[in-house]
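Student: Chains as they are written, first to last, in our numbering: chain S, 1 to 372; chain G, 1 to 284.
Everything labelled a hint here was simulated from the structure, so no lab data went into it. We put the beta carbon where it would ideally sit given N, CA and C, even for glycine. A couple of the hints might just be wrong.
Far from chain S by the CB rule (all over 12 Å, computed), these chain G residues [stated by the list, open to error]:
no., residue
1, Met1
2, Lys5
3, Glu27
4, Lys57
5, Gly58
6, Asp66
7, Gln112
8, Asp198
9, Arg215
10, Thr263
11, Thr266
12, Lys267
Partner residues aside, some chain S positions facing chain G, computed with beta carbon under 10 Å [to be verified]:
no., residue
13, Lys2
14, Ser6
15, Lys9
16, Lys12
17, Arg16
18, Ser17
19, Asp211
20, Ile217
21, Ala219
22, Tyr220
23, Ala221
24, Ala224
25, Ser225
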Amino acid sequence: MKLWYSFTKELKLASRSFYFYIELFFAIIILVVVLFAIPENFSNSTTEYLYLDMPVENAAAFEARLLDEDSDNTADKMEIKIKKELIPVTYYETEDRKIYLVESEDDLVKLADNKKQLGAVIKVDMSVSPPVTSYKYYLQGYETDRLKNLYKVIHNSNLATLEAAVEDQEVRSLSTEYTVLSDREHTIPSLLTFNGSLMGMFIIAAYIFLDKEQGIIKAYAVTASSVWQYLMSKTLVITVTSIVTTAIIIIPVMGGKPDYLLMLLFLITTGFFASGIGLLISAYFRSMAKAFNAIYVLMVAMMLPAIAYFIPGWEPFWIKLLPAYYIIQGFSEIIVKGGNAGYVLLLSLGFLAAGSVLFIWATAKHKKSLTA
Amino acid sequence: MIKVKNLYHSYSKDDKYAVKDASFEVEKGEIFGFLGPSGAGKSTTQGVLTGLLQLQKGEVTVAGYDAKKFSKKMFNDIGMSFEQSNVYNKMTAKENLAFYAKLFDVETKDPQELLELVGLGDKANLKAGDFSKGMKHRLTFARSMINNPKLWFLDEPTTGLDPAIAATIKDIIWNEKKNGVTTFLTTHNMFIADELCDRVAFIVDGEIKLIDSPRNLKLQYGAKFVDIEYIKDNDSARESLSTVEAKDRNRIKELLDTYEIQTMHTKEATLEEIFIKVTGRGLV
Ligand SMILES: Nc1ncnc2c1ncn2[C@@H]1O[C@H](COP(=O)(O)OP(=O)(O)O)[C@@H](O)[C@H]1O
Ligand SMILES: [Mg+2]
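Using the sequences and the hints given, assemble the complete structure.
Tutor: Right, dumping it as C-alpha cells:
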C-alpha cells in the first residue's frame, strides 16, 4: 500500500519534472527521425557474391556480359580475407551493384555469411534439354520482399522465364528463420534500447540525485516506510515512462507487427535491470557531477552493441558480454514476425534475475549512504 | 525514552570525533535540550538517535529499540523536524503533508489543521518551492507532527524564524509536552532552552560539559553575578563577573583598583552567561 502511494506520488512528481518531458521529447524526436529521415530502405546499390555453376562457355558468356556492364570495363582479380583464409574473387562494379564472382559454392556461403551480404548460385543444368537456369539465394534474413523481387527481375529479363524462375526459387536464410524487416524497422531495436534502457538508467539516477540534493531522502528515512519501497516506486515510474515512450515510437512505425505482450514483458524486465544500474550509481556517488564518469562509461558500453548492430561484419566477441547486446537482440526478436519468443522469455528471465541482484545490492548500499 | 552511553561518532571514521563520549538519558515526558554553538555535534547526536547516521561506537536505546537494530515500526511513534528544510519543492504544502502521512501505519493528523497550527493555513495550496526559507522551515516542523509522535526530535526548531512565529512554535512544543510527548531538541538559542527545557545539556566540540535543569543552574549561579560598567581609555566598558570564581573575584578587585566605576549591580545569570562560564565558549 505504501508502495502504491509512493508510486503515485512519484508519478505526480515526475509529471512535474523536467526529465519526464525530456524523455517524451526524445521519444518524439526518435519517431520523427525514423519516419522522415530514415528511408524505408537505405540504398539500391547492393553487394552480391555470385557463384556460376555452369559449363565454362556459359560462364564465359555471363562474365562477358558483366564486363560489358562494368563501369571501367575491367574485371579485377582479388582475394578477400575471411578468418585467415584467402578467397579468390573476380570483382565487377556496375552502377547499382558490386558483384564478386567466386570459385565455389563453399566460398560463396563463407563470404555471404561473413560479410552479411547477398549470395547467389546461378546454375545452368545442361543434363536436360533445353537447359534449365535456376537461382539459389543465400539471404541474411532482413532483406525485404521488394529487394528480393528486384533480384528476380535483374536475373530474368523476360517475364516468362521470370515466372518459371519464381517457381524455381529456393530462398534460404543464413541466420535464423526471420521474416523480413525493412531497413527502417531494422533501426528500431537499438533505438528502443537507447530510449528505454539507457534513458531509464540515466534518469532514475537523476531523480535520486535530485532527492538527495533536497534532503528528501532523510525525511523518508525517518518514516515507517522502507528504503526498498522508495527505490521501487522510482523504478516503477521509470518503467511506466519507458512503456509510454516506447509506444510512442513503436506503434506508428511498426503497427500491429510486434508481439506487444512480449514487448511489455521485455520492457518491464529490461527496465528493471537498467534502473538497477541507475540505482547503484546513485548509491555510490553523492551527486550527478561526481557520478558523471561512471555514467559516461556505462553509456558507451550501452552504445557499442548498437553501433555493432549497424555495422555488418563488425561484431567482436566481447560485444556479446555487454547486456545491451541482448537487449537489442530481444527487441529484434519481438518486432520481427515469427521471432523467437522462447529466446525473449529466456532473456527476460535473465534480466529479471540480474535486475533483482542489482536492486538488492543498491537497496543495501542506499540504506547505508542515503542519509550520511 | 532515550538512553545514551559513551557515544562516539566520526564522519571520517578516524579519531576526529564530531561527538565524543556522550552519555545522557531522556525521561518520558520531558523536554530535553541540547544547547551548544554551531558545529558542536548536536545534529550529529540527533542523527545517531534517529538512525540517520549509523551507530559507530557506544550504546544507544531509543523508545526501547537498540540503535544497532532500529526497526521501521518504531518510526510510527517518532517525529523528526530537520534543521535544513527538506520538503518536495514540486508539491504543494498540503500535498507534502498528505503524502508523508501515508508513510506511517498509525493515525495521522489532518494536513490542513497542521498547516493552520503553524500559520500556513492560507498557503496550503502553494508549491513548497515558492515558500520562503522560514515558511519551508515551518512546513518541515509541521510535517514532524503528522503521525502524532510520542518521541519528538526537533533540530533547531526556531532558527531563522521571526520572534512572533518562534513564540508560536514554542507554544506548540509546550502544548505537546502537556499531551505527554517526550521532546529532544537542539538549539543554540538560550531563550528557547531556558523557557522550554526541563533539562539542558551543554555541548561544545562534541563533548557534553554539563547536564542540569535551567532552574538548578540559575540557583547555583544566580545572584552571584555582578555587572560592572567602568571607564577605560575614555570609553565605557562592561563586564559580567562571577562573585564565586576566584579568577573573576580577582578581576573585580582589579577593576575596582584600576578604573573609574560607573555602575555596578548584582543580577541573576542568564543561561548564556552560565554557558560561557561553564564551557569558556560563546553560543554562536
Ligand atoms: N556530513 C558531514 N560530513 C563531515 N563532517 C560533518 C558532517 N556533518 C557535520 N560534520 C561536522 O561534525 C561536527 C558537528 O556538526 P553538527 O553535528 O552538525 O553540529 P551542530 O548541529 O551542533 O551545529 C562539525 O565539525 C561539522 O563540521
Ligand atoms: Mg545542527
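Student: Indicate, hint by hint, whether the structure satisfies it.
Tutor: Evaluated hints:
no., hint, result
1, Met1, "holds, 16 Å"
2, Lys5, "holds, 23 Å"
3, Glu27, "holds, 22 Å"
4, Lys57, "holds, 16 Å"
5, Gly58, "holds, 18 Å"
6, Asp66, "holds, 17 Å"
7, Gln112, "holds, 18 Å"
8, Asp198, "holds, 24 Å"
9, Arg215, "holds, 32 Å"
10, Thr263, "holds, 49 Å"
11, Thr266, "holds, 47 Å"
12, Lys267, "holds, 42 Å"
13, Lys2, "holds, 6 Å"
14, Ser6, "holds, 8 Å"
15, Lys9, "holds, 5 Å"
16, Lys12, "holds, 7 Å"
17, Arg16, "holds, 5 Å"
18, Ser17, "holds, 7 Å"
19, Asp211, "holds, 9 Å"
20, Ile217, "holds, 8 Å"
21, Ala219, "holds, 5 Å"
22, Tyr220, "holds, 7 Å"
23, Ala221, "holds, 6 Å"
24, Ala224, "holds, 5 Å"
25, Ser225, "holds, 4 Å"
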